[in-house]
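S.K.: Listed below are the residues making up each chain.
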Amino acid sequence: GAVVSQHPSRVICKSGTSVKIECRSLDFQATTMFWYRQFPKQSLMLMATSNEGSKATYEQGVEKDKFLINHASLTLSTLTVTSAHPEDSSFYICSAWEYGYTFGSGTRLTVV
Amino acid sequence: AQSVAQPEDQVNVAEGNPLTVKCTYSVSGNPYLFWYVQYPNRGLQFLLKYITGDNLVKGSYGFEAEFNKSQTSFHLKKPSALVSDSALYFCAVRASGGSYIPTFGRGTSLIVHP
Numbered sequence: 042g043a044v045v046s047q048h049p050s051r052v053i054c055k056s057g058t059s060v061k062i063e064c065r066s067l068d069f070q071a072t073t074m075f076w077y078r079q080f081p082k083q084s085l086m087l088m089a090t091s092n093e094g095s096k097a098t099y100e101q102g103v104e105k106d107k108f109l110i111n112h113a114s115l116t117l118s119t120l121t122v123t124s125a126h127p128e129d130s131s132f133y134i135c136s137a138w139e140y141g142y143t144f145g146s147g148t149r150l151t152v153v
Numbered sequence: 136a137q138s139v140a141q142p143e144d145q146v147n148v149a150e151g152n153p154l155t156v157k158c159t160y161s162v163s164g165n166p167y168l169f170w171y172v173q174y175p176n177r178g179l180q181f182l183l184k185y186i187t188g189d190n191l192v193k194g195s196y197g198f199e200a201e202f203n204k205s206q207t208s209f210h211l212k213k214p215s216a217l218v219s220d221s222a223l224y225f226c227a228v229r230a231s232g233g234s235y236i237p238t239f240g241r242g243t244s245l246i247v248h249p
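These protein sequence lines are chains A and B, in that order.
Convert by adding 41 to the 1-based position in the first sequence; the result is the number in my numbering.
Convert by adding 135 to the 1-based position in the second sequence; the result is the number in my numbering.
Certain hints may be false.
The following label-pair restraints were derived from C-beta to C-beta distances [said to hold, decoys possible]: (1) B/Gly233 / A/Arg51: 30 to 38 Å; (2) A/Thr123 / B/Pro214: 28 to 36 Å; (3) B/Asn165 / A/Glu139: 33 to 41 Å; (4) B/Leu191 / A/Asn111: 40 to 48 Å; (5) A/Pro127 / B/Gly151: 43 to 51 Å.
Calculated lysine-lysine pairs in the DSBU-like style (CA-CA distance at most 35 Å, straight line) [to be verified]: (6) A/Lys96 / A/Lys107; (7) A/Lys61 / A/Lys82; (8) B/Lys204 / A/Lys82; (9) A/Lys61 / B/Lys184.
Since the hints were made in silico from the structure, they are not lab data.
Please read all numbers here as calculations on a predicted model, not as lab measurements.
Ideal Cβ positions, reconstructed from N, Cα and C, are used throughout, including at glycine.
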């Protein structure tokens with residue numbers, strides 16, 4: 042079946058630094074990638090939809106300049122959290138459509 | 136607009152008993168419906184989907200769900216619960232045409248007691 046590989050699984054960074062999260066589709070081409078944020082014991086919050094070769098579409102209330110999304114190829118999408126602050130600490134998950142939604146394993150970001 | 140309702144935050148069931156996790160939806164046109172399971176600090180794992188065809192869908196780990204168009208429901212069921220089934224379950228919907236963006240329910244925590 043379709044696999045989305047997400048790295049890193051955990052990252053701790055200092056406040057003010059930037060962190061990049063990668064999602065790769067391993068055995069299919071992902072024209073579109075969805076990026077979610079999940080708070081403890083809560084549902085998925087869609088942050089943005091990235092499309093290969095074009096600008097990402099951000100959901101209302103999501104800061105484009107803080108959460109930079111790049112989808113440069115059909116198999117790679119990245120989310121960069123810039124100038125991270127403790128309130129950005131969360132669980133970030135990517136997903137792509139291939140006859141169903143396939144999810145990455147998630148990235149636990151902790152900003153100290 | 137599309138929406139999903141999972142009316143129960145938590146479902147408790149004894150091991151060996153049948154379980155049901157409820158989901159109702161609203162969408163324009165024909166729905167694509169999905170169930171996912173999430174274990175702590177992990178991504179979502181696919182359980183089953185309804186796209187078209189038989190209303191009773193069988194999925195992974197012995198789970199099944201029945202698409203009921205008149206009641207706009209897609210409840211997840213399993214005949215005999217295992218302690219290892221304890222996890223967070225998400226129902227999702229998207230319209231068969233148009234945007235690929237899914238809408239997820241808020242999740243239901245399933246706790247299976249030994």
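S.K.: Compare the structure with each hint and give your call.
M.R.: Evaluation of the provided hints:
1. Checking the proposed 30 to 38 Å range against B/Gly233 and A/Arg51 shows it holds: the Cβ atoms sit about 36 Å from each other.
2. Between A/Thr123 and B/Pro214 the CB atoms are about 49 Å apart, so this pair departs from the stated range of 28 to 36 Å.
3. As the Cβ distance of B/Asn165 to A/Glu139 is approximately 20 Å, the hint placing it in 33 to 41 Å is violated.
4. Separation of B/Leu191 from A/Asn111 is about 42 Å and conforms to the stated range, judged on CB atoms against 40 to 48 Å.
5. Distance hint check for A/Pro127 and B/Gly151: the Cβ-Cβ separation is about 44 Å, which falls inside the suggested range of 43 to 51 Å.
6. A threshold of 35 Å between alpha carbons decides the hint, and for A/Lys96 with A/Lys107 the separation of about 15 Å falls inside it, so the pair holds.
7. The hinted pair formed by A/Lys61 and A/Lys82 meets the criterion: a straight-line CA distance of about 24 Å does not exceed 35 Å.
8. For the hint linking B/Lys204 to A/Lys82, the alpha-carbon distance of about 30 Å falls within 35 Å, and the restraint holds.
9. Annotation: proposed proximity of A/Lys61 to B/Lys184 holds, straight-line Cα distance about 32 Å (limit 35 Å).
When each numbered hint is compared with the structure, violations occur for hints 2 and 3.
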